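*Asks:* Chains as they are written, first to last, in our numbering: chain V, -14 to 433; chain G, -14 to 433; chain C, -14 to 433.
Be careful, since some hints might not be right.
As the list makes no split between identical chains, a pair holds if one copy fits it or if it spans any two.
Below, computed lysine-lysine pairings styled on BS3-like, alpha-carbon distance capped at 30 Å [as the list claims (entries may be wrong)]:
| no. | residue 1 | residue 2 |
| --- | --- | --- |
| 1 | K401 | K274 |
| 2 | K401 | K275 |
| 3 | K275 | K203 |
Calculated directly from the structure, the hints in this document are not laboratory data.
Because the structure is a prediction, the values reported are computed rather than measured.
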Amino acid sequence: MAWRLTGLVLSVLAVWMIAAAPALAQEAPDIQVVLDNLWVFIAGILVFLMQAGFGLVEAGLTRAKNVSNIMAKNLADMSVGALAFFVVGFGFAYGSDGGSFIGTDLFFLSGATGDLVNDQIYTDFFFQVVFAATAVTIASGAMAERTKFSGYLLFSVAMTALIYPVVVHWFWQGDGWISDLAIGDAKFGDFAGSTIVHSAGGWAALMGAYFLGPRIGKYDAQGRPRAILGHNIAFAVIGVFILWFGWFGFNPGSELAADGVVMRAGVTTLLSGAAGGVAAGAVIWIRNKKMDVAMAGNGVLAGLVGITAGTATMSPGAALITGLISGIIVVYSVLFFDRRGIDDPVGAISVHGVCGVWGTLAVGLFAQYADGFVATDDAGLLYGGGIDQLLVQAIGVIGVFAWVTATTGILFWSLKRANLLRVSAEEEMGGLDIFEHGAPGYSLELVN
Amino acid sequence: MAWRLTGLVLSVLAVWMIAAAPALAQEAPDIQVVLDNLWVFIAGILVFLMQAGFGLVEAGLTRAKNVSNIMAKNLADMSVGALAFFVVGFGFAYGSDGGSFIGTDLFFLSGATGDLVNDQIYTDFFFQVVFAATAVTIASGAMAERTKFSGYLLFSVAMTALIYPVVVHWFWQGDGWISDLAIGDAKFGDFAGSTIVHSAGGWAALMGAYFLGPRIGKYDAQGRPRAILGHNIAFAVIGVFILWFGWFGFNPGSELAADGVVMRAGVTTLLSGAAGGVAAGAVIWIRNKKMDVAMAGNGVLAGLVGITAGTATMSPGAALITGLISGIIVVYSVLFFDRRGIDDPVGAISVHGVCGVWGTLAVGLFAQYADGFVATDDAGLLYGGGIDQLLVQAIGVIGVFAWVTATTGILFWSLKRANLLRVSAEEEMGGLDIFEHGAPGYSLELVN
Amino acid sequence: MAWRLTGLVLSVLAVWMIAAAPALAQEAPDIQVVLDNLWVFIAGILVFLMQAGFGLVEAGLTRAKNVSNIMAKNLADMSVGALAFFVVGFGFAYGSDGGSFIGTDLFFLSGATGDLVNDQIYTDFFFQVVFAATAVTIASGAMAERTKFSGYLLFSVAMTALIYPVVVHWFWQGDGWISDLAIGDAKFGDFAGSTIVHSAGGWAALMGAYFLGPRIGKYDAQGRPRAILGHNIAFAVIGVFILWFGWFGFNPGSELAADGVVMRAGVTTLLSGAAGGVAAGAVIWIRNKKMDVAMAGNGVLAGLVGITAGTATMSPGAALITGLISGIIVVYSVLFFDRRGIDDPVGAISVHGVCGVWGTLAVGLFAQYADGFVATDDAGLLYGGGIDQLLVQAIGVIGVFAWVTATTGILFWSLKRANLLRVSAEEEMGGLDIFEHGAPGYSLELVN
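For reference, chain V alone in the conformation it holds in the complex:
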């Protein structure tokens, strides 16, 4: 009897154990959820600082008389942009209603459930809003030194509220037409946004520079481009380092989880940026007989943009090759636009637009980890299905190009018609700092 009772008690306890087991097992995943969220949040903080990096690069590569204006635009991209993305942008991007073109809920973060352990909406929003600010600020550099601050603000709102969120909805929301796109086995791959973020910003930059026209003095009477030197190469290079630093959040953070893909993405991000700097530095050194530092810095950024699409799906060696090619492309792309009358003071169109396209196509050439983990084809480099994959990558690229050039083209055309796009010649010559912001950005005399 005692045995039976013991057996009964033990059996009951065993049943409790069995019932409790899932709870114990669940304990670990809960920590994994916290860890995933925490890493993505930290990654978002790193991406946030990219705004300072953009500010330094843009200010460094333009003239001292416009430094406050550059900084004002970067402050605005993060401030106005964050509010616009909170009010409607996040909903347009990640809302589940509204079909494959645009989302129509989650405005004002209304989807938050209050379950702070399992509800990832705050993490998602934080990580996405800093991406939105990045996308818009890319255009800031190309439009530098001649854009009305009020006109720029309207563009900044349009970009963060609608234009960029729609692109995000097409792919990262999961039910958009780009994410649904398939040719054979091949599906569009853009891990951290070579196309979705960088080329979107790059095409806005292209439209902005086109509708603004070149700065006074940029072209001589024969239409030949002249160099307008940046005022502070120290700012530009420190900006490049801060952007590179932030990119370790941008790319590895796009895994949206804390796992081994994160560190491999860190390595590919480092190597591609390094290779881009080496390649652009070497090309310009051979071409001009001088190692132009600004171009080397842009080469790093080109390598970083280039690897953004394939950061998690390429091997380190493929990342290095992607970066080298990015660094070569950016030099010739900058020269190309310069000669065709598109005055892009910082090279944003080439770095983010052109190299964004290259990086997206490179996924079709070099990617070998289909889902970030498993190699698809041990023997070769091709991702998904060869030519199908290149085709699907190209369709995504073209779709984003069409949308962004159309919407920003209409916007900039309208701003120009309303005389809200470009400052007067007097203001441009005297500097935007004094005319738009009421004071010079620098007062460097040592006695006053």
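Once you've looked at the hints, dock chains G and C against the given chain V.
*Replies:* Frame of chain V, contents of chains G and C only:
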């Protein structure tokens, strides 16, 4: 028999399982402890960098002839401040002996047990010492361009060793009079330090600026304020971005754990800073017809100070409103002190003191997650008990104001009597860099 | 029968439980592995930003006409250096074949297994490559304002591909002759690289400055040193803050795991840096009657280099003493080299070489946690075995000194013979920015 034996063996194993279960369950909490500590440590590292942000903002908004002096004071706040906080400050703040006014143990981190897994004293110290450096450096900007370096050092030691630690003891140590304070159900709420850190620094700034008097040339013969332009708006705005970046450690790190509150605090911190920048920029643009960049940057900081108290207890929407109001307040507060002869070159009193008060009161108006997790009142916005809550918030604000103005007032009065507070007119005109530090901060000629 | 059946079923379930238990227990360690990797990766990101810190310190303490060149060298150290370390450096450092002198596998990260959960090679590589960039950039400052960019690139490749990796192999790989070294119980202790990284960089700096010779104008006709002022103290101090920030990755990250040692290392890193700044500032203030800000900043760096070896094995109090002594040493060391014709524009030899030695020896004096966790001797401060410990520390220091001075000596001698080391007098006078890089680094006029 065999069955019985089997039953016995299995029963014993089941007992082992039952005994082992808590151990298995405990495995997870240990990792949670590590993760909590690691996050708070990382957050502290972010807060550390705020010292660079303060240095850039303060240097950018003052004159080139005093740039080394600004940097020297920031280096000192972190260096001298860290040693002072290690020797006595941390003990005064977190010591358990000594009652509700001041702690009297833990000097020299003497309470460390050597159990590195469960002893959080190193994490606590690290997170707190960077807060202490923040509190003192707030005053640095308000006292810029005219304070003796030796006098400033004495203030820096007093602030990090005693004045700030006492405020911390009152609330964050857990047994202080402010943390014990209750009116009905309402208890004082200041999640990350709008009052405990920022207003404490702000009132020290007020006393410093008052006892120093205005800079030579700040007021004309009729006593009307004149603008003294900052020398580097790029520095100022990059400083704002670095401070904002650090604030993602300051506010979400104050959860002192890795959980879902962290990310929501990140979102409220982002939105309030953004709203502060938008509001201050808009107000000054309308008022002056120019979008003053320095004021927009101060608006961001005002929004960040404003949300610091309620970062974990407010919804994103309430954070946005708190930031908007902060941005409006800071413009008029800066003008108010300027007109009353209080010469605060960077606006520290308004940003940290006045907006610190506003943010603390805003908790009484807008907070809805009583303990950071659970909404107290689904229908309304009120936290705790309405007017009781506002009252208890006000008492905490007034207590900190009284202590800091009294102690720093006595200190600055004494320093003035001892001729240790203000440099000579000759030194002020020639610049503190040469007279206090032996060399100009800049030598920007390109050939030498 | 029913009972028997029930017993059987329950017994089977209990057996399943028992079998499942290790799996449940294993769940937690897996998360620990992820957390370890994630922390080391984040720490590596912080170390990455040190490159920007070095750039700002070096630029700030040298002349405006060479600012682009400084930045170009820092970009190159990270870009060329990362590729060189990827191709061969990491293999020479961490390859397991090749014996106690050098590794001979893992080239091109060929040892990666594809198991992203348990394979730490990406994390290891990332953390190590940013260390390699740090080691080489230390010499950049000592060689500033007169080195040919092409010659510097060759040095940068040699350092990151071979010279530094061999030093790492000797100790951190685990089978090198320094890690095998033992005198009695005493084994060489250098937790994060006072000797392995900083003194290695410092001795390269010494050889570079020696073979280059002093800058034109550094010594008068009687051979007495003259001060050549840095051009931007704001850059220098912000650089110090960014380096300090990065050091919280450098030192605590060297634990290579997420545990309680991390936070204690953070505290010792903070206190030693602070103490170094206070000591150097006080010494120079007393000596020169002015508180030289650049020297105080170098004092912080000296304290950080000093604690790097013992960051995990010293108490906070011992760290403070180590930092104070570092700060005193650095002042007199700078004066010593200055007087002996070694022109080191930023003090890199003293900060990284001399204080790296001091920090390594300090482990023999003050360390008390033998493996980072457990105090070896509750009563005293001695680590391992007293004089034996000091001896083993000295042997490691001398070994690294011999290898680095020999290899970099041969390299710089060869570069000098090939006329690849120093620019022409004309180029030096006109500035490296224009002659090497084609444009001035600054164009600060406000109207152009």
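*Asks:* Against each hint, give a clear statement of whether it holds in the structure.
*Replies:* Okay, the hints, checked on the actual structure:
Taking the shortest alpha-carbon separations for K401 and K274, only the inter-copy value of 22 Å comes in at or below 30 Å, while the best intra-copy value is 41 Å. In the homo-oligomer, the alpha carbons of K401 and K275 lie at most 30 Å apart only across protomers (21 Å), although the nearest pairing inside one protomer, at 39 Å, exceeds that limit. With identical chains, the CA atoms of K275 and K203 are at most 30 Å apart both within one copy (22 Å) and between copies (27 Å).
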